[in-house]
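Next come the chains, spelled out residue by residue.
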Amino acid sequence: MDQNNKEHKSHSGYSTYILVWISLLALTSITVTVAGVDLGAFTLFVALLIAAIKSGLVINIFMHIKYDEPIFKVFLSLSGFTLLVIFILTFFDVIYR
Amino acid sequence: MTNSQQAAANLHHVHRDDVGARMGMWLFLFTEVLLFGGLFLAYSVYRYDYHEQFRLAAMDLNTGIGTLNTIILLTSSLTVALSIAAMQKNNKFLSMVMLFFTLALALFFMINKYFEWSGHIAEGLYPKSPELLNMKNGEIIFYGLYYVMTGLHGLHVLIGMVVLSFMLFFIAKGKITPENYVKLENAGLYWHLVDLIWIFLFPLFYLIH
Numbered sequence: 001m002d003q004n005n006k007e008h009k010s011h012s013g014y015s016t017y018i019l020v021w022i023s024l025l026a027l028t029s030i031t032v033t034v035a036g037v038d039l040g041a042f043t044l045f046v047a048l049l050i051a052a053i054k055s056g057l058v059i060n061i062f063m064h065i066k067y068d069e070p071i072f073k074v075f076l077s078l079s080g081f082t083l084l085v086i087f088i089l090t091f092f093d094v095i096y097r
Numbered sequence: 001m002t003n004s005q006q007a008a009a010n011l012h013h014v015h016r017d018d019v020g021a022r023m024g025m026w027l028f029l030f031t032e033v034l035l036f037g038g039l040f041l042a043y044s045v046y047r048y049d050y051h052e053q054f055r056l057a058a059m060d061l062n063t064g065i066g067t068l069n070t071i072i073l074l075t076s077s078l079t080v081a082l083s084i085a086a087m088q089k090n091n092k093f094l095s096m097v098m099l100f101f102t103l104a105l106a107l108f109f110m111i112n113k114y115f116e117w118s119g120h121i122a123e124g125l126y127p128k129s130p131e132l133l134n135m136k137n138g139e140i141i142f143y144g145l146y147y148v149m150t151g152l153h154g155l156h157v158l159i160g161m162v163v164l165s166f167m168l169f170f171i172a173k174g175k176i177t178p179e180n181y182v183k184l185e186n187a188g189l190y191w192h193l194v195d196l197i198w199i200f201l202f203p204l205f206y207l208i209h
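Protein sequences appear in the order of chains A and B.
Here the working numbering is used: the first residue of the first sequence is 1, the next is one more, and so on.
Here the working numbering is used: the first residue of the second sequence is 1, the next is one more, and so on.
Worth flagging that the hints you see were computed from the coordinates, not collected in a lab.
Watch out, some of these pointers could steer you wrong.
Distance condition first, Cα-Cα at most 20 Å in a straight line; then the derived EDC-like pairs of lysine to aspartate or glutamate [as the list claims (entries may be wrong)]:
id, chain 1, residue 1, chain 2, residue 2
1, B, 183, A, 69
2, B, 136, B, 123
3, B, 183, B, 32
4, B, 183, B, 18
5, A, 73, B, 179
6, B, 128, B, 139
7, B, 175, B, 18
8, B, 183, A, 68
9, B, 128, B, 60
10, B, 89, B, 18
11, A, 66, B, 49
12, B, 89, B, 179
13, B, 128, B, 116
14, B, 113, B, 60
15, A, 73, B, 60
16, B, 89, A, 68
17, B, 136, B, 52
18, A, 73, B, 17
19, B, 113, B, 123
20, B, 136, B, 49
Take these sequences, add in the hints, and give me the full structure.
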């Protein structure tokens, strides 16, 4: 059998997934509650921070990135970085227009 | 090993590259991220320009339905992950049950979406409606982005349902096995991406107060 043919064996059992799911639901209820509180300029920041934590959980555990080959992490950060650069360059244009 | 034995061994050697298959899926997912990324970019620029009008327009969105749909999608992500774990543990029955739950949850999501959209359309809030065209620029743009982004996301949910139905069929037919389930893994990756996009759509559209 090829090296690449190895299926990555069950790194996460059922309980890990259920734990992640409970955390995701908890974070959702936090983000809904916080939205009702007026935090001024911080509202968007807090909402995006919680969304980022939630996606981190989904990507690392549900999508197995934590256990996958390191090259996947390189690809992932590269595409995230590309998106970040596009956002920063666009906002330089929008803000200083 | 004689030549004929070598030939026989080669005949039974199955060419597979599961890491390559997953990498291909991830590369496709990055193009999806860029597709939605462009829309999120448009959203953020217009929100920067029309901050107050976005807030006013968002008041009409139903936070209850949005929250319910978030819970539904997060749960469906769990059931897909459990389906793959069950297949790894050689429990085909549980794997199929979990896939079935995922499909049911996806259908539930789309039904909610239907009621949500028809509610807005009944209020006269749809692209180019006289009601909407009377509003301020920022509100018109907010609803334009709302329909395009949640619509494109809904289309992804529908495509995901088709893909997952095929996986259910493949498991039943024995084409996905505990030794070879990369198809199921890739379908799962797609489904998780649909969930990921919603994780950002939800606060940006439903939780602006």
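Taking the hints in turn, this is what the structure says about them:
1. B/183 <-> A/69: Holds, because 18 Å separates the two Cα atoms, which is no more than 20 Å.
2. B/136 <-> B/123: holds, 17 Å
3. B/183 <-> B/32: holds, 19 Å
4. B/183 <-> B/18: Judged against 20 Å, a Cα distance of about 9 Å means the pair holds.
5. A/73 <-> B/179: violated, 25 Å
6. B/128 <-> B/139: Cα-Cα ~12 Å, so holds.
7. B/175 <-> B/18: Roughly 15 Å separates the two Cα atoms, so the pair holds.
8. B/183 <-> A/68: holds, 16 Å
9. B/128 <-> B/60: holds, 17 Å
10. B/89 <-> B/18: holds, 18 Å
11. A/66 <-> B/49: violated, 38 Å
12. B/89 <-> B/179: holds, 10 Å
13. B/128 <-> B/116: Between residue 128 of chain B and residue 116 of chain B the Cα gap is close to 18 Å, so the pair holds against 20 Å.
14. B/113 <-> B/60: holds, 15 Å
15. A/73 <-> B/60: violated, 40 Å
16. B/89 <-> A/68: holds, 19 Å
17. B/136 <-> B/52: Distance ~11 Å between residue 136 of chain B and residue 52 of chain B Cα, so the pair holds.
18. A/73 <-> B/17: holds, 19 Å
19. B/113 <-> B/123: holds, 15 Å
20. B/136 <-> B/49: Measuring from Cα to Cα gives roughly 12 Å; hence the hint holds.
Violated hints, in rising order: 5, 11, 15; the structure is consistent with all others.
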